[in-house]
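Q: Hey, can you work out the whole structure from these sequences and the hints?
No gaps in the numbering here: position 105 of the sequence shown is 105 in this note's numbering, and each next residue is one more.
These are calculated hints, taken from the structure and not from any lab test.
Misleading hints may appear alongside valid ones.
[To be verified] Under the rule of at most 20 Å between Cα atoms (straight-line distance), these lysine to any residue pairs were calculated in the SDA-like manner:
no. : residue 1 : residue 2
1   : 98        : 114
2   : 73        : 93
3   : 64        : 88
4   : 121       : 96
5   : 98        : 117
6   : 102       : 3
7   : 64        : 93
8   : 64        : 30
9   : 73        : 121
10  : 98        : 123
11  : 98        : 57
12  : 73        : 56
13  : 98        : 54
14  : 64        : 11
15  : 64        : 54
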Amino acid sequence: MAIFGIGAHYESVDVSSAFLERRCACVGWAEADAPPAHGILRHLRTGDIVFIKSFAPSVGLTVKAVGVVTDGKVRDYSALGSGVPVHWVWTGEERIGKLDDKWPVRSVTIYEEYHPEVQSKIIELLLSDE
Numbered sequence: 001m002a003i004f005g006i007g008a009h010y011e012s013v014d015v016s017s018a019f020l021e022r023r024c025a026c027v028g029w030a031e032a033d034a035p036p037a038h039g040i041l042r043h044l045r046t047g048d049i050v051f052i053k054s055f056a057p058s059v060g061l062t063v064k065a066v067g068v069v070t071d072g073k074v075r076d077y078s079a080l081g082s083g084v085p086v087h088w089v090w091t092g093e094e095r096i097g098k099l100d101d102k103w104p105v106r107s108v109t110i111y112e113e114y115h116p117e118v119q120s121k122i123i124e125l126l127l128s129d130e
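A: Next up, the structure:
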């Protein structure tokens, strides 16, 4: 099991609600334009935890939703791009803030989260009764 953060801001539009409604997590870039993002997407497996995130250097990391990948097979979600199905368990806005950990990937589209405090917070949200 791994934990992945994914952005849901396409150009100037927040598509978080579309991810929730369509029960998916997607990369909005074409594979030709973002091969590394699609490579990471293909690494998601059934049972992995995924969270919708936003990140601004001045604010830090904010979590908008947490869910579990229900099928690791990448599929086309039309206007949302390529993605995997997700059972979203928690939604809201949880500000984790700035982290001084020299892990400069939180502003990218998709990444694996390794920070133990962030991992613990994501699991706490996943298991919360809210």
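Q: Look at each hint and say if it fits the structure.
A: For each hint, the structure was consulted:
no.: 1; hint: 98 / 114; result: 15 Å, holds
no.: 2; hint: 73 / 93; result: 28 Å, violated
no.: 3; hint: 64 / 88; result: 11 Å, holds
no.: 4; hint: 121 / 96; result: 8 Å, holds
no.: 5; hint: 98 / 117; result: 12 Å, holds
no.: 6; hint: 102 / 3; result: 18 Å, holds
no.: 7; hint: 64 / 93; result: 5 Å, holds
no.: 8; hint: 64 / 30; result: 24 Å, violated
no.: 9; hint: 73 / 121; result: 27 Å, violated
no.: 10; hint: 98 / 123; result: 19 Å, holds
no.: 11; hint: 98 / 57; result: 8 Å, holds
no.: 12; hint: 73 / 56; result: 30 Å, violated
no.: 13; hint: 98 / 54; result: 12 Å, holds
no.: 14; hint: 64 / 11; result: 18 Å, holds
no.: 15; hint: 64 / 54; result: 8 Å, holds
Going through the hint list in order, the structure does not satisfy hints 2, 8, 9, 12.
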